[in-house]
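Spelled out, the chains give:
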Amino acid sequence: MEIFSDLWMGLSVAISPINLLYLLIGAMVGMVVGVIPGFGPSAGLAILLPVTFGMDPIGAVMMLAAIYYGAMYGGTITSILLNTPGESATVASTFDGFPLAQQGRAGPALVMQAAASFVGGTVGVILITLLAPLFSQVARNFGPPEYFLLAMMGMLTLVVMIGSNWRYGVISALIGFALGTVGVDLETGQSRYTFGSAELIGGIHFIPIAIGLFGLGELYFAFYQGLHARGSGTIVQYTKDQRFWPEARDWIETRMTMVRGSLLGFVVGVIPGAGATIASLMAYSVERSVSKTPEKFGKGAMAGLVAPETANNAASSGAMIPLLTLGIPGSASTAVLLAAFLLWGLRPGPLLMAQNPEFAWGLIASMYLGNMALLAINIFAIPVFVWLIRIPYRILAPGVIVICTLGTFSVSGSIIEVWLMFFAGIAGFFMRLFGFSPAALVLALVLGPLAEEALRQTLTISRGSFMIFIERPGSLSIIAITLAILILIPLIQRLGRRAADKREAG
Amino acid sequence: MPMRVAFLLVVLFASGFYTYVAFADLAFLSVSGRLGPGFFPRLIGILLMAFCLWGLWSEFKRGRSEVERASSHWRTSGLVVVLTGGLVLSLNLLGGVLAMAAFLLVSLSLLNRGHHLQNLAVAVVFPGSIYLLFDRLLNAAMPDGVMALPF
Numbered sequence: 001m002e003i004f005s006d007l008w009m010g011l012s013v014a015i016s017p018i019n020l021l022y023l024l025i026g027a028m029v030g031m032v033v034g035v036i037p038g039f040g041p042s043a044g045l046a047i048l049l050p051v052t053f054g055m056d057p058i059g060a061v062m063m064l065a066a067i068y069y070g071a072m073y074g075g076t077i078t079s080i081l082l083n084t085p086g087e088s089a090t091v092a093s094t095f096d097g098f099p100l101a102q103q104g105r106a107g108p109a110l111v112m113q114a115a116a117s118f119v120g121g122t123v124g125v126i127l128i129t130l131l132a133p134l135f136s137q138v139a140r141n142f143g144p145p146e147y148f149l150l151a152m153m154g155m156l157t158l159v160v161m162i163g164s165n166w167r168y169g170v171i172s173a174l175i176g177f178a179l180g181t182v183g184v185d186l187e188t189g190q191s192r193y194t195f196g197s198a199e200l201i202g203g204i205h206f207i208p209i210a211i212g213l214f215g216l217g218e219l220y221f222a223f224y225q226g227l228h229a230r231g232s233g234t235i236v237q238y239t240k241d242q243r244f245w246p247e248a249r250d251w252i253e254t255r256m257t258m259v260r261g262s263l264l265g266f267v268v269g270v271i272p273g274a275g276a277t278i279a280s281l282m283a284y285s286v287e288r289s290v291s292k293t294p295e296k297f298g299k300g301a302m303a304g305l306v307a308p309e310t311a312n313n314a315a316s317s318g319a320m321i322p323l324l325t326l327g328i329p330g331s332a333s334t335a336v337l338l339a340a341f342l343l344w345g346l347r348p349g350p351l352l353m354a355q356n357p358e359f360a361w362g363l364i365a366s367m368y369l370g371n372m373a374l375l376a377i378n379i380f381a382i383p384v385f386v387w388l389i390r391i392p393y394r395i396l397a398p399g400v401i402v403i404c405t406l407g408t409f410s411v412s413g414s415i416i417e418v419w420l421m422f423f424a425g426i427a428g429f430f431m432r433l434f435g436f437s438p439a440a441l442v443l444a445l446v447l448g449p450l451a452e453e454a455l456r457q458t459l460t461i462s463r464g465s466f467m468i469f470i471e472r473p474g475s476l477s478i479i480a481i482t483l484a485i486l487i488l489i490p491l492i493q494r495l496g497r498r499a500a501d502k503r504e505a506g
Numbered sequence: 001m002p003m004r005v006a007f008l009l010v011v012l013f014a015s016g017f018y019t020y021v022a023f024a025d026l027a028f029l030s031v032s033g034r035l036g037p038g039f040f041p042r043l044i045g046i047l048l049m050a051f052c053l054w055g056l057w058s059e060f061k062r063g064r065s066e067v068e069r070a071s072s073h074w075r076t077s078g079l080v081v082v083l084t085g086g087l088v089l090s091l092n093l094l095g096g097v098l099a100m101a102a103f104l105l106v107s108l109s110l111l112n113r114g115h116h117l118q119n120l121a122v123a124v125v126f127p128g129s130i131y132l133l134f135d136r137l138l139n140a141a142m143p144d145g146v147m148a149l150p151f
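Residue numbers (the numbering used here), protein chains in the order written: chain B, 1 to 506; chain R, 1 to 151.
Rather than coming from a laboratory, the hints here were simulated on the basis of the structure.
Hints may be right or wrong, so weigh each one.
Heads up, incomplete: computed chain B residues facing chain R, CB under 8 Å, no partners named [said to hold, decoys possible]:
hint	residue
1	164
2	178
3	223
4	226
5	380
6	405
7	413
8	416
9	430
10	452
For each label pair, taking beta carbons as the anchor points, the in silico distance ranges come out as [to be verified]:
hint	chain 1	residue 1	chain 2	residue 2	range
11	B	295	R	115	44 to 50 Å
12	R	32	B	197	25 to 31 Å
13	B	244	R	128	36 to 42 Å
14	R	92	B	131	48 to 54 Å
15	B	358	R	139	21 to 27 Å
16	R	136	B	484	41 to 47 Å
These stretches of chain B come out as covered by chain R in the derived footprint (C-beta under 8 Å, 3 or more residues) [what the hints assert, rightly or not]:
hint	region
17	189 to 200
18	209 to 220
Quick reminder that beta carbons are idealized off the backbone N, C-alpha and C, glycines included.
Construct the complete structure from the given sequences, taking the supplied hints into account.
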């Protein structure tokens, strides 16, 4: 019952008119961010973070969280109408979303994806409500060894996800760790890698790097791929007549798909480093394997669209659990959210729910409202996003560059940080081009100082012995879970590849 | 030399310098006998160099059988990078609003050729909106520049 009183208190915080306005703005911006190809939630969050500086902390974080989960809704519109995923987590939605649109069922596909996103997102928030207090209690027993291992677990999972280029993922993460060591060492007060520069004493700031890598780097890469040269003539047309709404059989056929996708997505989302992309691909594979008509998948099966949509939204909710209860971001997007929390003086972790209940429960309650708002926006404001898709990339991109530049400058009014963002953008472009992982770099930049502090504390406690990691039940459990993930993920990837090969051969 | 190898060599060189500083300037143990500021950087530096060398070895092993094919849009990406550099450079000179307008006008003239009226409209309306949002509504910092706006 305590959960309900906490949630009620959170609702009373979230439901103020100004917070609702911020929530709606965040949801709309999230959808816009999702719709623009090559411009994911990480970039959107990093760029818009400075915009929230003049706002009330709870309203600001509610808005940023809405951008984060709103991007999952928006990314699918382009998957269905353009066969171009707005971001990586909606790649699986193109498999059946676009064929549905080509068959003249764009309207039902858009409505079903909105409904599936809503179900996935809401189930995710219900599970956060029930499980976050439990996770907080467990995490209160965690010490430096467990925190170090959790940080490593997130990094390793993210690196293994990269697949055959995993070595470059490790290099990306190590570069992030190396950048994280710049500045004053908090334990001894000694400067590291500052080379006499006063600007570097405080360390390399996370926001310019994130905006550069995800904003500019992705944009340069989109130009390299020729996105600016493509017209908007391939957008599938749809009309808002009676054929716009799904039929009863669409709902009946996919009701269990929504349940499976939501639960699977949430579990995958909770694992640090896994995230919405892998959740959506796994949900698609699972749905095809349990389907009575697997031959329809890839040719316009509604379940093939609903499964990844429920999963990616549930996963984005699930990823909030390690962020809120452990203070460990599992993805680049949640790393930006963590940076936002820290900027507002809020320290996510096991004590957040006890020390800042208005904030923690206000944020959770806002996610219920945000999902409802997104459902309505998604169905009734589709023409707005279709209009946005029609704006040629060559016109949209210079505007994005301007926002990246001004957004970076507004963080601390430093032109040096703008240059840092610019060079991070060039580095991000080459990283994308050569198969490195900007997400691993950003995550390591955030987790690096935490991991270093935890490791040094651990080895001080154990007087230099690494045996401490297997002597404590908590850390031993984390090692076991990490090993299981490291074995399971390549296996799942291999099975997926084999199934794809079979499908192509058949 | 393939571009990826060149990129790896740059990272290897930088990580070599990082590791050198970790060993030369940063102590492994602090005065109190605890792990010092050099412990983590040494670990990271060595791992970084090892993985770069491994990556290079794999690239050489993969050898010349795989030829990297550059996109035909190389020049456009390069142009956008140069234009962004120009924007950053002009911020301190022209100030935020004028730099934005100039950047948009030049970049749209090059990327969206022939649509003069549309380009001009975007170059005027967009910076104006950003100015209103950042400076007036959100009170966020905007570069003034040498030639600051009179308002």
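Hint by hint, here is what the structure shows:
1. 164: violated (10 Å)
2. 178: Interface hint status for residue 178 (chain B): holds (5 Å vs cutoff 8 Å).
3. 223: holds (4 Å)
4. 226: Holds: closest Cβ of chain R sits about 5 Å from residue 226 (chain B), inside 8 Å.
5. 380: violated (25 Å)
6. 405: holds (6 Å)
7. 413: holds (4 Å)
8. 416: The hint is violated - residue 416 (chain B) has no Cβ within 8 Å of chain R, the shortest such distance being about 10 Å.
9. 430: holds (6 Å)
10. 452: OK, holds: residue 452 (chain B) within 8 Å of chain R, min 4 Å.
11. B:295 to R:115: 44 to 50 Å: holds (47 Å)
12. R:32 to B:197: 25 to 31 Å: The hint (25 to 31 Å, Cβ to Cβ) holds, given that residue 32 (chain R) and residue 197 (chain B) are roughly 28 Å apart.
13. B:244 to R:128: 36 to 42 Å: holds (37 Å)
14. R:92 to B:131: 48 to 54 Å: At 50 Å between Cβs, range holds.
15. B:358 to R:139: 21 to 27 Å: Because 25 Å falls inside the window, the suggested range holds.
16. R:136 to B:484: 41 to 47 Å: Roughly 54 Å apart at Cβ, these two residues miss the hinted range, so it is violated.
17. 189 to 200: holds (count 3)
18. 209 to 220: With 3 residues in contact (Cβ-Cβ under 8 Å with chain R), the coverage given for the region 209 to 220 of chain B holds.
Of the hints listed earlier, those the structure fails to meet are numbers 1, 5, 8 and 16, in rising order.
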